[in-house]
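Chain A is fixed; fit chains X, L and S onto it per the hints.
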Amino acid sequence: MRFVEPQGRARRCRALAGLALSCLVTACATRNAADAIATELAQSFEAQSGVMLDRLQQSPDQALCSEPGAAASSASLAQRRAIERAARDGVRFPSGAPPSPQAWLGDWRRGERIAQSGVGLQTSDRPGTEAGGNCYGCHRLAPTEIAYGTLGPSLTGYGLRHPPDEAGLRDTWIRLFDSHAFDACSVMPRFGARGILSEEQLRDLLALLLDPQSPVNR
Amino acid sequence: MTRGTAVAATAIRIAAVLPGLAWPAAPAAPSTHEAIEDYRARIADDNPAELAVAKGASLWREARGPRGASLGRCDLGLGPGIVAGAAARLPRWFADTGAVMDLEARIVHCMTTLQGFDRETLIAKPFAGAAEPTTDIEAIAAFVVDAARGATIDVPQERPEEVAAYRRGRALFHYRAGPYDFSCASCHGSAGHRIRLQELPDLSRPGPTARATYATWPAYRVSQGALRTLEWRLADCFRQQRWPRLRYLSPVAIDLATFLGVNANGGTMDAPGLKR
Amino acid sequence: MPHVSRRRRRAILNRGLGIALGVAARAGLGAIGLGVRDADAQEAPDRDAFAARSVADALARLRILDVADSPDVLLDAPDIAENGAVVPVSVRSRIAHTDAIFVLLDRNPFPLAARVDILDGLAPDVALRVKMAETAAVIAIVRADGRYWRAQRDVKITIGGCGG
Amino acid sequence: MRIRATLRSGRIEVRVLIAHPMETGLRKDEAGNPIPAWYITDVTARVNDRIVMKTAWGTAVSKDPLLVFHVLGGAVGDRVTVDWIDNRGDRRTDEATVVAPASP
Numbered sequence: 001m002r003f004v005e006p007q008g009r010a011r012r013c014r015a016l017a018g019l020a021l022s023c024l025v026t027a028c029a030t031r032n033a034a035d036a037i038a039t040e041l042a043q044s045f046e047a048q049s050g051v052m053l054d055r056l057q058q059s060p061d062q063a064l065c066s067e068p069g070a071a072a073s074s075a076s077l078a079q080r081r082a083i084e085r086a087a088r089d090g091v092r093f094p095s096g097a098p099p100s101p102q103a104w105l106g107d108w109r110r111g112e113r114i115a116q117s118g119v120g121l122q123t124s125d126r127p128g129t130e131a132g133g134n135c136y137g138c139h140r141l142a143p144t145e146i147a148y149g150t151l152g153p154s155l156t157g158y159g160l161r162h163p164p165d166e167a168g169l170r171d172t173w174i175r176l177f178d179s180h181a182f183d184a185c186s187v188m189p190r191f192g193a194r195g196i197l198s199e200e201q202l203r204d205l206l207a208l209l210l211d212p213q214s215p216v217n218r
Numbered sequence: 001m002t003r004g005t006a007v008a009a010t011a012i013r014i015a016a017v018l019p020g021l022a023w024p025a026a027p028a029a030p031s032t033h034e035a036i037e038d039y040r041a042r043i044a045d046d047n048p049a050e051l052a053v054a055k056g057a058s059l060w061r062e063a064r065g066p067r068g069a070s071l072g073r074c075d076l077g078l079g080p081g082i083v084a085g086a087a088a089r090l091p092r093w094f095a096d097t098g099a100v101m102d103l104e105a106r107i108v109h110c111m112t113t114l115q116g117f118d119r120e121t122l123i124a125k126p127f128a129g130a131a132e133p134t135t136d137i138e139a140i141a142a143f144v145v146d147a148a149r150g151a152t153i154d155v156p157q158e159r160p161e162e163v164a165a166y167r168r169g170r171a172l173f174h175y176r177a178g179p180y181d182f183s184c185a186s187c188h189g190s191a192g193h194r195i196r197l198q199e200l201p202d203l204s205r206p207g208p209t210a211r212a213t214y215a216t217w218p219a220y221r222v223s224q225g226a227l228r229t230l231e232w233r234l235a236d237c238f239r240q241q242r243w244p245r246l247r248y249l250s251p252v253a254i255d256l257a258t259f260l261g262v263n264a265n266g267g268t269m270d271a272p273g274l275k276r
Numbered sequence: 001m002p003h004v005s006r007r008r009r010r011a012i013l014n015r016g017l018g019i020a021l022g023v024a025a026r027a028g029l030g031a032i033g034l035g036v037r038d039a040d041a042q043e044a045p046d047r048d049a050f051a052a053r054s055v056a057d058a059l060a061r062l063r064i065l066d067v068a069d070s071p072d073v074l075l076d077a078p079d080i081a082e083n084g085a086v087v088p089v090s091v092r093s094r095i096a097h098t099d100a101i102f103v104l105l106d107r108n109p110f111p112l113a114a115r116v117d118i119l120d121g122l123a124p125d126v127a128l129r130v131k132m133a134e135t136a137a138v139i140a141i142v143r144a145d146g147r148y149w150r151a152q153r154d155v156k157i158t159i160g161g162c163g164g
Numbered sequence: 001m002r003i004r005a006t007l008r009s010g011r012i013e014v015r016v017l018i019a020h021p022m023e024t025g026l027r028k029d030e031a032g033n034p035i036p037a038w039y040i041t042d043v044t045a046r047v048n049d050r051i052v053m054k055t056a057w058g059t060a061v062s063k064d065p066l067l068v069f070h071v072l073g074g075a076v077g078d079r080v081t082v083d084w085i086d087n088r089g090d091r092r093t094d095e096a097t098v099v100a101p102a103s104p
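Residue numbers (my numbering), protein chains in the order written: chain A, 1 to 218; chain X, 1 to 276; chain L, 1 to 164; chain S, 1 to 104.
Because the hints were derived from the structure by calculation, they are not lab data. Owing to the predicted nature of the structure, the values given are computational and were not obtained by experimental measurement. C-beta atoms are modelled at their ideal positions from N, C-alpha and C, and glycine is treated no differently. You can trust all of the hints, since none of them are fake.
A few chain S residues that face chain X, going by a derived Cβ cut-off under 8 angstroms, partial list only:
{"id": "1", "residue": "2"}
{"id": "2", "residue": "17"}
{"id": "3", "residue": "64"}
Bound-form chain A, shown alone (with noise of 0.2 angstroms):
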């Protein structure tokens, strides 16, 4: 896990403590309204079913993308662009054997049930639980599925545009693995960067998406 001191903006208004007067000013008191947030999340939740109050906590990239617009400012673009770098070197890939079809790609009929679920994490989930991927609430994938999301791309024929070669693999595997690696802000999940989903979890989508049987891809 990667959970990191929420001193995102902190560090921000140290490092911005030489600059003019009224710059300080302003950057102290976004400090003081991060503060005050903190304290008053603290207040307003309780820990329930094992989901602690250190999920309040930001991470910095959670921090710089509550900013509304962060996602395509070009201020931030320095930082966004460090985010997506490290999410890329922190992609672990299958272990074992090079990307290949036989090697990376699971049971399909698995990842559509993944794809289906939205249990896990949840304060209603007992702790434990399986969580599932819930890609159909954004995705549309499965043709026959008429109950899809838009919040992301239509994933439908997905394997047909990206055949399951070397660099389709590796790069379906680092979508699912960490979004941050493509986008800093992304709204999709880490998958597999937060431990949501097993490798053997997220190897049964890449089928979903990859496999030529696949409804997906048919």
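For chains X, L and S alone, coordinates are given in the frame of chain A:
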């Protein structure tokens, strides 16, 4: 529901397939979107929330609690006993508590101060569980918003405390946290998207979806078979954001309700609504 | 919705509630309840059909041995239900002497949802809301002159929201 | 119960909403314990004390049930009475007066 039209449509459909054996496939299926709109139209009448409104109306009038008092003198912001339209102007700052309060906070305040109910007991279980009847707070909230139907939403930003609540609410709305990196804005920060088949209203700024959304809570949730309040809606979003449990009437709940309410100003109250 | 109608409706609602508080009796055998108890006794054999776990078994328990499709049984239900907990269904019969309407849901844990007796003075035109566990057929069966007529249509049940 | 009885085109349209959990007996509560079946088994409607409708229900009827039926004939001012009984033996009766449709 336009029953006449629906029945006529069926008659046409049936006539069209009459020559076939048994039940051939329906004629060209309408798009999913049209079918869902059709479904929503069919259940739009006879909102079971009316049952909660009726229960809330009698709870409001009955002498109850340790003090044996009704809620007839409850001040929801427009003066003691004035219910009509009051929900359209909440949350707001109240002089008697020195705090910004939302509808539910004010109902609990009146139940404790006028009727003598114990606050901790009341807020320990504000929402009905599976197979449980509507709670008193839920029913009273349904009654109060029903009495504001047609009123223009006008959540005040006159006091500095109200402005501060809105600002904190905006920051909280965009605050990303938890193992999924979700904020409210992850789903409700832009327009035109769906989760599964449900349209996601853009609640990040004033606009038609922000108005229509705030205007229709509390609502009867078909999937829950229950009347649900705005604070329930907020808490259930945080559950799905993989955050810890939102405390009832907490500062985060009040500030977010203020943010959503102010963004809805100018809209027309139409609650309790009916939702998936 | 026009305000006049809302207010009028509320007046009816309140009146209904007042009466309800006056006469509601828990497990009591009030005078008003007697009719129901009598009806129960008369129709006891049908009660058993509600425990059937398949449409075929429910029909057998209802002693519906022969049923034919009819365009005069008008069944209306949505093509897609956003939530299976509430599926609006209406049934109208154009068959003379209709005296009962049955609503069944294929693939439900207990498929028989309702039987409505069309007594003298009641139009064979009823609507209710049912729960459906999964995508399946809604079946309406009408009894007239001792014969049974059927209509059915598929309703697709979708998964909604965040799914968790 | 909420009963709306409206005279339309020579018949009384009766729309009944009932507050009831209509539990199937197949669900579990938050703690994982089974929730026992609890559902309305019979509903009877009368117009001015004459029984006009009887319906028997199973667990597949939705929570907070809606029932719509139409009585031939009738007049504004008629009294519509609806009573139900559930599998626990609970029962309830409410009534409404037939009204003319609201002007549009």
